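Respectively, the protein sequence lines represent chains A and B. What the first sequence shows, in the working numbering, is residues 7 to 119, in sequence order. What the second sequence shows, in the working numbering, is residues 11 to 122, in sequence order.
Worth double-checking, as some hints may not be accurate.
In silico BS3-like pairs for lysine-lysine, Cα to Cα no more than 25 Å straight-line [what the hints assert, rightly or not]:
id, chain 1, residue 1, chain 2, residue 2
1, A, Lys83, B, Lys28
2, A, Lys75, B, Lys46
3, B, Lys28, A, Lys55
4, B, Lys28, B, Lys46
5, B, Lys51, A, Lys116
6, A, Lys116, B, Lys50
7, A, Lys28, B, Lys28
8, A, Lys116, B, Lys32
9, A, Lys55, B, Lys32
10, B, Lys51, A, Lys83
11, A, Lys106, A, Lys64
12, B, Lys46, A, Lys55
13, B, Lys28, A, Lys116
14, A, Lys28, B, Lys29
15, A, Lys64, A, Lys83
16, B, Lys51, A, Lys28
17, B, Lys32, A, Lys83
18, B, Lys28, A, Lys106
If you're looking for bench data, these hints aren't it; they were derived computationally from the structure. Keep in mind the model is a prediction, meaning the values are calculated, not measured.
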Amino acid sequence: AQSVAQPEDQVNVAEGNPLTVKCTYSVSGNPYLFWYVQYPNRGLQFLLKYITGDNLVKGSYGFEAEFNKSQTSFHLKKPSALVSDSALYFCAVRDTGTYKYIFGTGTRLKVLA
Amino acid sequence: ETGVTQTPRHLVMGMTNKKSLKCEQHLGHNAMYWYKQSAKKPLELMFVYSLEERVENNSVPSRFSPECPNSSHLFLHLHTLQPEDSALYLCASSQEGQYGYTFGSGTRLTVV
Chain A
7 AQSVAQPEDQ VNVAEGNPLT VKCTYSVSGN PYLFWYVQYP NRGLQFLLKY
57 ITGDNLVKGS YGFEAEFNKS QTSFHLKKPS ALVSDSALYF CAVRDTGTYK
107 YIFGTGTRLK VLA
Chain B
11 ETGVTQTPRH LVMGMTNKKS LKCEQHLGHN AMYWYKQSAK KPLELMFVYS
61 LEERVENNSV PSRFSPECPN SSHLFLHLHT LQPEDSALYL CASSQEGQYG
111 YTFGSGTRLT VV
């Protein structure tokens, strides 16, 4: 079965420091991978996706993610965190051959001033 | 605004009430979804409509009843809910052949 795991419930990082939010996946076939961000009392907003091509994907708000096939990971990164990046981050994988997306449990990112 | 609008934003209802959640999208997408978001749980896919036909129902209790009258509108009718149904209900839309969803801001439902 297709699945995605976010091993950390919360990540704390100081403003200006690099941040990483982890995601691993399990799919049969080629994965379609996504990151979404959710601010308080809002829906999920699309950040970036990996479908094919370059393993380093750049997205909105300075975020990027690295697809690593051997480690089945798709970690979200940003070189310098902002307090305004504090939010809930979801990794998702598209179920191969269907329209369904499987989401992780989310990781709360807290950037400290 | 993302192009997907959900109303109301907040809803408090008793267990014997009947209410409806509304979702509207003006993106020209041809698929719409209802998700349930509870704390510390993965997003739970409830219903999928593609081209206005329900194509998926993930064993959701019958007290939740979806309706998709056209490709731009999606409803979730609620009746005799339980307190454990309290959650954020998210609507999303997508277009066949494109990747990713567009989500609405959600309806925060509290069942008392």
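- When you check the alpha-carbon spacing of Lys32 of chain B and Lys83 of chain A, does it fall within 25 Å? Roughly 35 Å between the alpha carbons, so the hint for Lys32 of chain B and Lys83 of chain A is violated.
- Does Lys28 of chain A pair with Lys29 of chain B here, judged by a C-alpha cut-off of 25 Å? Violated - the C-alpha atoms of Lys29 of chain B and Lys28 of chain A are around 39 Å apart, more than 25 Å.
- Message: Tell me if the straight-line CA distance from Lys116 of chain A to Lys32 of chain B falls inside 25 Å.
- Response: 32 Å, violated
- Query: Lys46 of chain B and Lys55 of chain A: Cα distance at most 25 Å?
  - Reply: 23 Å, holds
- Item | Restraint check for Lys51 of chain B with Lys28 of chain A, where alpha carbons must lie at most 25 Å apart | Roughly 17 Å separates the two Cα atoms, so the pair holds.
- Holds or violated: are the alpha carbons of Lys51 of chain B and Lys83 of chain A at most 25 Å from each other? Holds: Lys51 of chain B and Lys83 of chain A sit about 23 Å apart, inside 25 Å.
- Query: Are Lys55 of chain A and Lys32 of chain B close enough, with their CA atoms no more than 25 Å apart?
  - Reply: With Cα atoms ~28 Å apart, Lys55 of chain A and Lys32 of chain B exceed 25 Å; violated.
- Message: Check whether the Cα positions of Lys106 of chain A and Lys64 of chain A lie no farther apart than 25 Å.
- Response: 23 Å, holds
- Message: Checking one constraint from the list: CA of Lys64 of chain A to CA of Lys83 of chain A, max 25 Å. Satisfied?
- Response: 10 Å, holds
- Is it true that the CA of Lys51 of chain B sits at most 25 Å from the CA of Lys116 of chain A? Distance ~19 Å between Lys51 of chain B and Lys116 of chain A Cα, so the pair holds.
- Message: For a C-alpha distance cap of 25 Å, please report whether Lys28 of chain B and Lys46 of chain B respect it.
- Response: Roughly 18 Å separates the two Cα atoms, so the pair holds.
- Hint consistency between Lys28 of chain A and Lys28 of chain B [alpha-carbon to alpha-carbon, up to 25 Å]: Answer violated: Lys28 of chain A to Lys28 of chain B is near 41 Å, above 25 Å.
Of the hints listed earlier, those the structure fails to meet are numbers 1, 2, 3, 7, 8, 9, 13, 14, 17, 18, in rising order.
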